[in-house]
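**Student:** These protein sequences, in sequence, are chains A and B.
So the first sequence is numbered by our numbering: it starts at 2 and just counts up by one.
So the second sequence is numbered by our numbering: it starts at 18 and just counts up by one.
Take these hints with a grain of salt, some might be off.
Stated by the list, open to error - Every beta carbon over 10 Å from chain A, so not counted as near; a handful from chain B, in silico: (1) Ser-27; (2) Gly-72; (3) Arg-84; (4) Arg-88; (5) Arg-126; (6) Gln-136; (7) Gln-200; (8) Glu-214; (9) Ile-250; (10) Tyr-255; (11) Val-263; (12) Pro-282; (13) Gly-299.
As the list claims (entries may be wrong) - Cβ pair distances, simulated, as ranges: (14) A:Leu-42 <-> B:Phe-225: 56 to 64 Å; (15) B:Trp-150 <-> A:Glu-72: 45 to 53 Å; (16) B:Trp-150 <-> A:Thr-15: 17 to 25 Å; (17) B:Asp-326 <-> A:Thr-15: 41 to 49 Å; (18) A:Asp-79 <-> B:Asp-311: 31 to 39 Å; (19) B:Arg-84 <-> A:Glu-8: 30 to 38 Å; (20) A:Ala-49 <-> B:Arg-278: 31 to 39 Å; (21) A:Trp-77 <-> B:Glu-258: 44 to 52 Å.
What the hints assert, rightly or not - Every beta carbon over 12 Å from chain A, so not counted as near; a handful from chain B, in silico: (22) Leu-23; (23) Thr-38; (24) Arg-64; (25) Ile-82; (26) Ala-114; (27) Met-140; (28) Gly-151; (29) Gln-202; (30) Arg-233; (31) Gly-240; (32) Gly-249; (33) Phe-251; (34) Gln-273.
Note that these hints are calculated values from the structure, not bench results.
Each residue gets a CB set at the ideal place from its N, CA and C atoms; glycine is no exception.
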Amino acid sequence: MARRLGEEMVLLNTETEAYFTLNDVGARVWELIDGQRTIALIVAGLLAEYEVPESELRTDVDELLGQFSEEQLITWADGPA
Amino acid sequence: MQLTVLAMWSICGIPVVATATDARCLAFLDNALRRDSPQVAASVVLRVDIRIRPGWVPPTWLCQISRLWSRDRYHLCRIGDDAIVLYDGVAWGRLFAAERRIEIVGDRRLAEDEFLLTQPLFMPLLSPALRSWGILPLHACAVDWDGQAIVFPATSGSGKSTLALALLRGGFKLLSDDMPILQRQGDGGFRLLPFPERSRVLPNSLDFFPELAEVRDWAEPSGTKLLFDPSGIFGDCYAKESKPVVIVLPKIAHAQESILRPVAPSAALTAIMGGMSFGSTGDSMGSHLPTLVDFVASCRTYALDTGTDFDRLPALLRQLLEAA
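Okay, chain A solo, but in the shape it has when bound:
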């Protein structure tokens, strides 16, 4: 379950009862996960919104998605791309 709170987002995994807070960028990553977009498309979407080097953004997105997976907030459709 996800809810926007100002610039941040709060996530609650109702199965594990774990609770998370995401900053603005993390919240946009979450919002861009729709079961269809690849990581490359998510990064492309963020590059259009944030002025940050692509390599740095890709690293941050990979790390964040890894944490989401570890906390069972997402599953990979075909494995991390």
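Please build the complex by placing chain B on the supplied structure of chain A, with the hints as guidance.
**Tutor:** Leaving out everything else, chain B in the frame of chain A:
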């Protein structure tokens, strides 16, 4: 085993029916709660059953518990949707959620020690019981100034009771020292309601307010704290309801000057969620999350490093209300 009949209260509009094998237990609950006006018995009530046994008898379901938090011999636990408090060798309490019934079983100390029965056993189970009715008690202190409320979500030891005393001295009114009730209104806004419980404060906290020294003479001991009704000092100091507009996260600072600073709303939400986690499942927290997010989003959020400048605090916090 004969049960003594019978005590009835209304807590937040919920009829509560309690039975006990020792009438002193019911007297303790009656003393600890400032009651609402009495309600006619309804078809759905909260049952509280208190049973005294000659010695410690571990509950038969002990091996099924999941321990959530422990300190020394005291444990907060869960089995499914049922919240459990366990005081090793002394007593246990369980909220049977589906039955809307609290059962507390222990040795004769339950009938001799009001603090033991009410604070570590009954009150932690009452909060999740009320949540099952959609009533959201917050683990917080809440005060009112002219219809606007400041909420101080905090764990024990954060100094919120002392802070409340300082604000009462400065003309604020009290909604609750420990558990105000959050209610969403039809227009989507929120109001806070009082919870019928007296205030508890550490004796040392009174040292900050010399004019309150007399409280030591008539307040009742309650564990390490003193239990008292602040209206005995401040007169009509209770608010009936208030609109929450500011959330402040207090922390004791070992300094003279108190410092207020803005914080992210997520910090306030985290503090509030933490105070509600006991007795909640993921699904029940999920059902409350939208309300809590909307509540926090409707308020301005701050952190307070509380110093010893208690005379200055009321004016400092009133400024937040003027700006809201």
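**Student:** It remains to establish, for every hint, whether it holds in the given structure.
**Tutor:** Hint check results:
In this structure Ser-27 (chain B) is separated from chain A by more than 10 Å, as the shortest Cβ-Cβ distance comes to about 32 Å. Look at Gly-72 (chain B): its CB is around 36 Å from the nearest CB on chain A, clear of 10 Å, so calling it non-interface holds up. Annotated as non-interface, Arg-84 (chain B) keeps its C-beta farther than 10 Å from every C-beta of chain A; the closest such distance is 14 Å. Every Cβ of chain A is farther than 10 Å from the Cβ of Arg-88 (chain B); the closest lies at roughly 21 Å, confirming the non-interface assignment.
Every CB of chain A lies more than 10 Å from the CB of Arg-126 (chain B), the least distance being 33 Å, so the non-interface label holds. Every CB of chain A is more than 10 Å from the CB of Gln-136 (chain B) (nearest about 25 Å), matching its label as outside the interface. No Cβ of chain A approaches the Cβ of Gln-200 (chain B) within 10 Å, the least distance being about 19 Å, so the stated non-interface status holds. Listed as outside the interface, Glu-214 (chain B) is consistent with that label: its C-beta sits roughly 27 Å from the nearest C-beta of chain A, beyond the 10 Å cut-off.
Every C-beta of chain A lies more than 10 Å from that of Ile-250 (chain B), the closest at about 39 Å, which supports listing it as non-interface. Under the 10 Å C-beta cut-off, the non-interface status given to Tyr-255 (chain B) relative to chain A holds; the minimum distance is some 31 Å. Listed as a non-interface residue, Val-263 (chain B) keeps its Cβ farther than 10 Å from every Cβ of chain A; the least gap is roughly 15 Å. Remark: the non-interface label on Pro-282 (chain B) conflicts with the geometry, its nearest Cβ contact in chain A lying 5 Å away (cut-off 10 Å).
The claim that Gly-299 (chain B) lies off the interface is violated: its Cβ sits roughly 4 Å from the closest Cβ of chain A, which falls inside the 10 Å cut-off. Hint check: Leu-42 (chain A) to Phe-225 (chain B), Cβ distance near 59 Å, so the stated range 56 to 64 Å holds. Judged by the Cβ atoms, the range 45 to 53 Å given for Trp-150 (chain B) and Glu-72 (chain A) is violated: they are separated by roughly 31 Å. Between Trp-150 (chain B) and Thr-15 (chain A) the CB atoms are about 20 Å apart, so this pair conforms to the stated range of 17 to 25 Å.
Range check, Asp-326 (chain B) to Thr-15 (chain A): about 44 Å between beta-carbon atoms, so the 41 to 49 Å window is met. At roughly 37 Å, the beta-carbon separation of Asp-79 (chain A) and Asp-311 (chain B) lies within the given 31 to 39 Å, and the hint holds. Restraint check, Arg-84 (chain B) to Glu-8 (chain A): a C-beta distance of roughly 37 Å satisfies the suggested window 30 to 38 Å. Between Ala-49 (chain A) and Arg-278 (chain B) the Cβ separation comes to about 34 Å, which falls inside the hinted range of 31 to 39 Å.
Remark: the range hint 44 to 52 Å for Trp-77 (chain A) to Glu-258 (chain B) is upheld by a beta-carbon distance near 50 Å. Residue placement check: Leu-23 (chain B) keeps its beta carbon more than 12 Å from all beta carbons of chain A (closest about 37 Å). No beta-carbon of chain A comes within 12 Å of the beta-carbon of Thr-38 (chain B); the shortest separation is about 36 Å. Separation of Arg-64 (chain B) from chain A is adequate, the least Cβ-Cβ distance of about 27 Å exceeding the 12 Å criterion.
For Ile-82 (chain B), the condition that its CB be more than 12 Å from all CB atoms of chain A holds, with the nearest at approximately 16 Å. Residue placement check: Ala-114 (chain B) keeps its beta carbon more than 12 Å from all beta carbons of chain A (closest about 16 Å). No beta-carbon of chain A comes within 12 Å of the beta-carbon of Met-140 (chain B); the shortest separation is about 22 Å. With a closest Cβ-Cβ approach of about 18 Å to chain A, Gly-151 (chain B) is found to remain outside the 12 Å limit, as its non-interface label requires.
Here Gln-202 (chain B) stays apart from chain A, with its beta-carbon at least about 20 Å from theirs, past the 12 Å limit. Remark: the non-interface label on Arg-233 (chain B) is consistent with the geometry, its nearest Cβ contact in chain A lying 41 Å away (cut-off 12 Å). Against chain A, the non-interface label of Gly-240 (chain B) holds: every CB pair exceeds 12 Å, the least being about 30 Å. At the 12 Å boundary, the C-beta of Gly-249 (chain B) stays outside the reach of chain A, the nearest C-beta of that chain being 40 Å off.
No Cβ of chain A comes within 12 Å of the Cβ of Phe-251 (chain B); the nearest lies about 36 Å off, and the non-interface call holds. The non-interface label for Gln-273 (chain B) is consistent with chain A: the shortest C-beta to C-beta separation is roughly 33 Å, beyond 12 Å.
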